[in-house]
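A.B. asks: If you want our numbering, it's the 1-based position in the sequence shown plus 163.
Watch out, some of these pointers could steer you wrong.
Unchecked claim - Per label pair, the in silico range of CB-to-CB distance:
(1) LEU347 - ASN181: 37 to 45 Å
(2) ARG349 - GLU180: 22 to 30 Å
(3) ASP290 - MET164: 42 to 50 Å
(4) ARG184 - ARG361: 14 to 22 Å
(5) ARG353 - GLU173: 41 to 49 Å
(6) ASP293 - PRO364: 16 to 24 Å
(7) THR208 - ARG303: 25 to 33 Å
(8) ARG184 - ASP285: 22 to 30 Å
(9) ARG374 - ASP293: 34 to 42 Å
(10) ILE192 - GLU259: 44 to 52 Å
As the list claims (entries may be wrong) - Subject to a maximum C-alpha distance of 20 Å in a straight line, what follows is the list of computed EDC-like cross-link-like pairs (lysine to aspartate or glutamate):
(11) LYS193 - ASP183
(12) LYS319 - GLU258
(13) LYS193 - ASP204
(14) LYS319 - ASP285
(15) LYS319 - ASP335
(16) LYS319 - GLU245
(17) LYS193 - GLU245
(18) LYS319 - ASP196
(19) LYS193 - ASP335
(20) LYS319 - GLU300
(21) LYS319 - GLU351
(22) LYS193 - GLU300
(23) LYS319 - ASP286
(24) LYS193 - ASP329
(25) LYS319 - GLU259
(26) LYS319 - GLU299
(27) LYS319 - ASP329
Hints were generated in silico from the structure; no laboratory data involved. For each residue, glycine too, the CB sits at the ideal point set by N, CA and C.
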Amino acid sequence: MRFTPAASPEVVAALRENPDRLVDGGVMIKAGDRSTVARIDDGSTRLLLKRYNLKHPLHTLTHVALRSRAAWCWRNGRRLREAGVPTPEPLAYCEERLGPLRFQSYLLTRYVEGRTLADFVDDVADDDPDLVRVAEELGRTWQVLGALRAGHDDMKSTNFIVGADDRVWMIDLDGMRIGLPGPLFRRERRNDAARFLRNWPERPAVVRQFRDALGRV
Numbered sequence: 164m165r166f167t168p169a170a171s172p173e174v175v176a177a178l179r180e181n182p183d184r185l186v187d188g189g190v191m192i193k194a195g196d197r198s199t200v201a202r203i204d205d206g207s208t209r210l211l212l213k214r215y216n217l218k219h220p221l222h223t224l225t226h227v228a229l230r231s232r233a234a235w236c237w238r239n240g241r242r243l244r245e246a247g248v249p250t251p252e253p254l255a256y257c258e259e260r261l262g263p264l265r266f267q268s269y270l271l272t273r274y275v276e277g278r279t280l281a282d283f284v285d286d287v288a289d290d291d292p293d294l295v296r297v298a299e300e301l302g303r304t305w306q307v308l309g310a311l312r313a314g315h316d317d318m319k320s321t322n323f324i325v326g327a328d329d330r331v332w333m334i335d336l337d338g339m340r341i342g343l344p345g346p347l348f349r350r351e352r353r354n355d356a357a358r359f360l361r362n363w364p365e366r367p368a369v370v371r372q373f374r375d376a377l378g379r380v
């Protein structure tokens with residue numbers, strides 16, 4: 164288990180003792196095959212706890228010796244924040260382990276108030292000034308990812324949160340890899356851009372807005 168000084172000692176203790184109970188006692192946000200997400204209220208502070216599920220025996224066998232998804236998110240989140248990319252602050256992670264083998268893992272972050280980029284775009288017109296500001300914010304993030312030679316690997320519009328101040332927060336970082344070598348980075352960069360722009364097949368004006376922000380990739 165790893166945690167930062169910003170993590171509440173009480174929450175860290177509960178996470179160490181029984182992370183599933185902490186998930187089950189929170190406000191359920193998502194209950195999926197790959198992950199379960201709950202909001203944890205620590206006094207006046209809202210936190211997010213995500214459990215990365217192992218789906219079936221074959222999936223377990225092929226993942227137990229690898230770095231856990233929570234560990235990847237912890238590492239990538241800290242790197243992105245150091246580089247100035249808005250992403251929820253990682254506070255702690257833990258893993259179910261048996262020697263070197265890893266099973267389910269858990270990630271605790273700060274909770275970001277806002278709505279997904281998918282919902283945001285659904286609610287604005289093509290020429291809305293807020294859309295322009297959000298696109299520009301994403302463009303700045305895209306430039307930083309380029310400087311880090313990073314590929315996100317899952318650029319769905321639901322993997323971005325638009326806050327009340329129009330900051331765009333990047334989430335779901337378990338597939339991200341940073342410091343990729345040249346040819347692999349260029350391929351991942353193209354794939355990320357293409358996947359991101361496929362989010363709005365019925366909104367060509369929105370696609371143009373985001374394509375301009377990404378630099379005509």
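A.B. asks: Given the hinted pair LYS319 and ASP196, is their alpha-carbon gap at most 20 Å?
C.D. replies: Holds, because 18 Å separates the two Cα atoms, which is no more than 20 Å.
A.B. asks: Between LYS193 and ASP183, is the straight-line Cα distance small enough, at 20 Å or below?
C.D. replies: holds, 14 Å
A.B. asks: Check whether the Cα positions of LYS319 and GLU245 lie no farther apart than 20 Å.
C.D. replies: Roughly 23 Å between the alpha carbons, so the hint for LYS319 and GLU245 is violated.
A.B. asks: Should the hint that ASP293 and PRO364 are 16 to 24 Å apart at their CB atoms be regarded as holding?
C.D. replies: holds, 22 Å
A.B. asks: Are LYS319 and ASP329 close enough, with their CA atoms no more than 20 Å apart?
C.D. replies: holds, 18 Å
A.B. asks: Against the 20 Å threshold, does the CA-CA distance of LYS319 and ASP286 hold or violate the hint?
C.D. replies: holds, 17 Å
A.B. asks: Cβ-Cβ distance between ARG353 and GLU173: within 41 to 49 Å?
C.D. replies: This hint holds: roughly 46 Å between Cβ atoms.
A.B. asks: Kindly confirm whether 44 to 52 Å is satisfied by the beta carbon distance between ILE192 and GLU259.
C.D. replies: violated, 21 Å
A.B. asks: Check the hint pairing LYS193 with GLU245 against an upper bound of 20 Å on the C-alpha distance.
C.D. replies: The given pair, whose Cα atoms are some 28 Å apart, is violated under the 20 Å limit.
A.B. asks: Regarding the pair LYS193 and ASP204, is the alpha-carbon distance no greater than 20 Å?
C.D. replies: Answer holds: LYS193 to ASP204 is near 16 Å, not above 20 Å.
A.B. asks: Has the given pair, LYS319 with GLU300, been kept, meaning a C-alpha gap of at most 20 Å?
C.D. replies: Since the Cα atoms of LYS319 and GLU300 sit roughly 16 Å apart, the hinted pair holds (cutoff 20 Å).
A.B. asks: Is the straight-line distance between the alpha-carbon of LYS193 and that of GLU300 20 Å or less?
C.D. replies: violated, 27 Å
Against the hints set out earlier in the document, violations occur for numbers 2, 4, 8, 9, 10, 12, 16, 17, 22, 24 and 25.
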